[in-house]
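Chains as they are written, first to last, in full-length UniProt numbering: chain A, 1 to 560; chain B, 1 to 560.
FYI, nobody ran anything at the bench for these hints, they're computed from the structure. Some clues are possibly wrong.
Where chains are identical, the list cannot tell them apart; a pair therefore holds if satisfied intra-copy or between any two copies.
Here are the computed lysine to any residue pairs in the SDA-like style, where the Cα-Cα straight-line distance is at most 25 angstroms [stated by the list, open to error]:
(1) LYS546 / LEU534
(2) LYS139 / LEU492
(3) LYS448 / TYR487
(4) LYS448 / PRO311
(5) LYS558 / ASP182
2 protein chains.
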Amino acid sequence: MAVVCSLVRHFPFRHRWSLPRLQIRCQRKALNVWTCGSSRSKLKKEGTGPLKREVLIMPSIRWTISHLPKRCLHATQLHLQEVMLTSERYGVQRLPFAHVSSTDVSFFENLMPGRVITDLDELKLFNVDWLKSVRGCSKILLKPRTTAEVSEILRYCHERNLAVNPQGGNTGLVGGSVPVFDEIILSTALMNQIISFDDVSGILVCQAGCILENLNQYLEQLDFIMPLDLGAKGSCHIGGNVATNAGGLRLLRYGSLRGTVLGLEVVLADGSLLNCLASLRKDNTGYDLKQLFIGSEGTLGVITAVSILCPRKPKAVNLAFLGCPSFSQVLKTFTLCKGMLGEILSAYEFMDNECMKLVEQHLKLTNPVSESPFYVLIETSGSNSAHDEEKLSHFLEHVMASGLVVEGTLASEDKKIKALWALRERITEALTCDGSVYKYDISLPVEKLYDLVTDMRTRLGGSAKNVVGYGHLGDGNLHLNITADSYSHSLLEAIEPFVYEWTSQYRGSISAEHGLGFKKKHYIHYSKPREAVLLMQQFKAMLDPKGILNPYKTLPVKGA
Amino acid sequence: MAVVCSLVRHFPFRHRWSLPRLQIRCQRKALNVWTCGSSRSKLKKEGTGPLKREVLIMPSIRWTISHLPKRCLHATQLHLQEVMLTSERYGVQRLPFAHVSSTDVSFFENLMPGRVITDLDELKLFNVDWLKSVRGCSKILLKPRTTAEVSEILRYCHERNLAVNPQGGNTGLVGGSVPVFDEIILSTALMNQIISFDDVSGILVCQAGCILENLNQYLEQLDFIMPLDLGAKGSCHIGGNVATNAGGLRLLRYGSLRGTVLGLEVVLADGSLLNCLASLRKDNTGYDLKQLFIGSEGTLGVITAVSILCPRKPKAVNLAFLGCPSFSQVLKTFTLCKGMLGEILSAYEFMDNECMKLVEQHLKLTNPVSESPFYVLIETSGSNSAHDEEKLSHFLEHVMASGLVVEGTLASEDKKIKALWALRERITEALTCDGSVYKYDISLPVEKLYDLVTDMRTRLGGSAKNVVGYGHLGDGNLHLNITADSYSHSLLEAIEPFVYEWTSQYRGSISAEHGLGFKKKHYIHYSKPREAVLLMQQFKAMLDPKGILNPYKTLPVKGA
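Chain A extracted, bound-state conformation (with noise of 0.2 angstroms):
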């Protein structure tokens, strides 16, 4: 290693790309990739001199890029199979809510017109997830623009005791923003205007129906990104992501949205409207009441606009990804990264091999690299393009000298990165293509992360088509993924509630980010003490005594 640094010192560095003993192989189907053997011997023995700088920064990978996907594939997809209804496939019974008599409409005709929707075949889209794995059977969807007109749909149902189901861009995995039974829908779509952005402080405040990628792009022309990303960012709203405290790609760089997200504005279930909209960082002046907001997944009010902390643009970015032979050399790379990488890091993600062959059957996305039990994704986002290619010049020489990394490929040019980037957004849809799907989302002491998902394929064994592993390695979360041909309860059985005790054993979390909704509410005791639980029971019958809003979701039903 010392050789290989004292050789890097004598190239001037703006020409240089110092991996000098590194093994380039041009014959492969991604042309610009790097590689090198596990062992010292290996190197040396295959290097072949210094690989320019130029081809690694811009590889002209071969695989097609496509365009992020949008998670609003239902209008196409729906009339390929029917979802069975929520309330038949899980046994709920409708709680005792008024339900929607032609006066109401009359009532919210009157008060949006135009912006009623009552249409069934219509109404069908909003009725179920993304997942296509729960359906309710609401008979209206309102489209409020105003914060006013929200709050009079409170008020009055509230009166009337009609529940109300909030949806932002429904992109939720958890089923919390389709409505169970008939709910009401509130749809935020048409509350997407920005109220203002100062380019000094960096804050933004929109209404919550903006559709987060939009916001991004509004940002970027002002030289700004939004503080968070997420695979859904075409469909997802703010307002959907505030309630579900979205965590997404970019947490490990920018924190997470209860550090980012500076104000909100919320109607309560009475109508009442709670103004905290502050734009200021800080603010200690009584209880942070917005937080209670932050991933209540629309159970104690409906979030009408956001005041968000938004960074600078970076001003260069660059992607790595490699092939790492085993899971501990993944976490390996990712302590070096650390401490390498330092302030620059702004991804670590990581996914396991089981699913690149799902992206490259279902997607016909391409594999850059050879086949290896598993990849890293490193995103760096820096200030100074020079500074940040030499910190990860360093990085990357160090990762492959040392046999932890066996090979990898580089983008810096931003489609070459959202080539990249779609390999590992991309998986969820990937997933969906491959049958019915078990998705979880849990978090965990990194060290542990991976033992699960072995854990669960010997567990399994045939009857699961596909157990796989991948998520924000950087943020200790895992998405633990099984696929079936079909859904079968016996499956479900086989891993529920295995993979929960299994959690908990670890004192992790059985949702790190895609919240309780209908699915997972009861199984919060495996990540809450009682006493949370119950506290947070009284919060809601405090907020909601009449528990109408997005009834059955996120809490058990006191006493169950």
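We have chain A; now place chain B onto it with these hints.
Okay, now just chain B, sitting in the frame of chain A:
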């Protein structure tokens, strides 16, 4: 400027300090200070060629390096003056809590032998705040070691209707940490154990009474740091930091405690335990209860343990102390700094010349640069010293050449960094030496920040001794302080409610980071709407129905 840049590029980086046309004035009291005039012609005329890097990076600053003061000066200074009882000064009525009886004392002595203080002399220290502005008359102080003891204490007090004042390092500035009447003082001083530290994830779990500076020193050995830092670090407890949602000097870089605190263990008013001490970066299982306790100033529960995410210790830290000719130039320097230093910027503090005069006069610290209307302190923290120095160098060239900064000094050695930080951190101490202090901790849009100081100066004229402004400009946080030879009610009336009305007009916060405590609770309406205050009161009533926890603090009495 183009000429400067092209010159710069031709210096070999490791051996240059690229401020080629800036004047060196070695004859000044602080030897290694560089200056420039505000016009380009002056720069050119006075230029003496490139400045050597080693001179600037390690200036041999003349002033004495003293250790940062601990906020625990009471013991030696208390005899100098008797502090007026809070109840008398503010005309507060005692609420109908029970009085501590000899039976109660026996119960506590039995529970915690040797850790119950009833000696009145010894208690003086804990009845008065650090500013010597409020005084209670508690006759008993308890020093539990364990969460179980805290639980026993609160269970007993709840049953007996005894009021309790939780106390950490007693470094608060709004009278939140000392009793108003005879509340039992529950000190976390002996709850000072580190429970665990994971050097992969950087997650520290510790008891609430650990002193912030001790935690930081512990972590530094392991190559990590605490995500917060403040002047009171030598005395303040992490539990108190969390209970008051302390901001401090690192917030700009590492975000607020709402993002970095991952878990809390809290004992509720009735003694029941709420264990939310998770060590996970992501956990979306139900409402985030811990957030309610962060910043609740001990009024909703007693924090007994904290789980917190700690960043890696930066490999390189640099500090620039700059003189600016006007506040608008302080702002322009900030905008430039965010763009050019990007991810390595870790603090951007400002102080006016009046602050500098006070630290010179009362603490005998020396101003390292020429007298300027404003001073700015910029800290960078990064993982590569060469990269950081290059970024800083480019930035300094730019601000000097454009006349935004008149003069400055740099430090990269720990001792010298501390000496420069002392100028900013010890302002609070210098102010207490100047007489009676009226303290305001305000959040405002940055462009309005200093107008409040000048408006106040004009308004008060000769009736105040000094009106000074300093603070965390990067966070939009102004510390406005007014001194007078002695406390004067008429001066207070000239300041308040003017200062709150002014702040409210610009939608600022009347307490950015200090909290409301006893002194500011009646002003909450200037920053929070009526509905929010009502909701806070409902939370208080739900969690502490008897109101025994830190009474007379944070919230105005319902209906007030």
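Results for each hint:
Taking identical chains as interchangeable, the C-alpha atoms of LYS546 and LEU534 lie at most 25 angstroms apart whether they share a chain (17 angstroms) or sit on different chains (19 angstroms). Taking the shortest alpha-carbon separations for LYS139 and LEU492, neither the intra-copy value of 31 angstroms nor the inter-copy value of 61 angstroms comes in at or below 25 angstroms. In this assembly of identical chains, LYS448 and TYR487 lie within 25 angstroms of each other by CA distance neither inside one copy nor across copies; the values are 28 angstroms within and 60 angstroms between. Proximity of LYS448 and PRO311 under a CA criterion of 25 angstroms is satisfied inter-copy only: 21 angstroms between copies versus 32 angstroms inside one chain copy.
In the homo-oligomer, the alpha carbons of LYS558 and ASP182 lie at most 25 angstroms apart inside one protomer (22 angstroms), although the nearest pairing across protomers, at 39 angstroms, exceeds that limit.
Consistency with the previously given hints fails for numbers 2 and 3, ordered from lowest to highest.
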